[in-house]
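Peer 1: Take the given structure of chain A and dock chain B to it, following the hints.
Number of protein chains: 2
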Amino acid sequence: MPSERECIERLQPKWKVWLEDKGDYVMGPGAFEMLKSINEYGTIAKGAAAIGMSYRYVWGVVKKIEKELGVKLLETSKGGSAGGGSSTITETGLLLLNRYSSILAAFEKASLKI
Amino acid sequence: MPSERECIERLQPKWKVWLEDKGDYVMGPGAFEMLKSINEYGTIAKGAAAIGMSYRYVWGVVKKIEKELGVKLLETSKGGSAGGGSSTITETGLLLLNRYSSILAAFEKASLKI
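Protein chains in written order, with our numbering: chain A, 143 to 256; chain B, 143 to 256.
Next up, chain A with everything else stripped away, as it sits in the complex (with noise of 0.2 Å):
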């Protein structure tokens, strides 16, 4: 039987991270997934099934995100006689990519001194 303190101290920290732009949500985890998986797989169709989601879903996310900071995260070229187009990420999709990363990384660090 753990004692009181021990029922205290077992106790997990969870977290969840999002940015927001003078108070406007801007993105949180799932389209910090999204953009992940994008990156990773190099299409948003790809991207997309990767994490079990929709296409439409997907580019609906990344439009909003968009038109809430006035950026371009994704650069779409269409395929070539082989068919098939990509979806690169930007630069500044990668920025954005890498500070919620590195948020997440830090609040993890923190986590593990508590």
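Be careful, since some hints might not be right.
Which copy is meant is left open, because identical chains are indistinguishable; a pair holds if it fits in one copy or across any two.
Computed cross-link-like contacts, DSS-like style, restricted to lysine-lysine with a CA-CA straight-line distance of at most 25 Å [to be verified]:
#1 Lys178 with Lys156
#2 Lys255 with Lys156
#3 Lys255 with Lys164
#4 Lys214 with Lys156
#5 Lys178 with Lys206
#6 Lys164 with Lys206
#7 Lys255 with Lys178
#8 Lys156 with Lys206
#9 Lys156 with Lys205
#10 Lys156 with Lys251
#11 Lys188 with Lys209
#12 Lys158 with Lys255
#13 Lys188 with Lys205
#14 Lys188 with Lys206
#15 Lys178 with Lys188
#16 Lys158 with Lys206
Bear in mind the hints are in silico, worked out from the structure with no lab data behind them.
Peer 2: Coordinates of chain B only, in the frame set by chain A:
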């Protein structure tokens, strides 16, 4: 007009922290505010009023956490001849408050370095 880089860098990180016990939600920011207020004001009634909540609601939240953890967070004593009881936070309740506070402080500190 800010550059795209500035648009990303000015984004503010926000977060929500909660505690879990073996995967079960135990306490988040709401209950933390309640316990802190009870601790500050000395009774559930005054603590609840100070954060614009009902006695009944706050009492229910505290009881739920106590049941979840199998510990007592508040020590209630009945009023004497002058009337009016008080709810003192237990040592375990204080441990819980402090654990949550120190996580918040660690995250706040980590967020300043990002």
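Peer 1: Of all the hints numbered above, which does this structure not satisfy? Sort the numbers upward.
Peer 2: none
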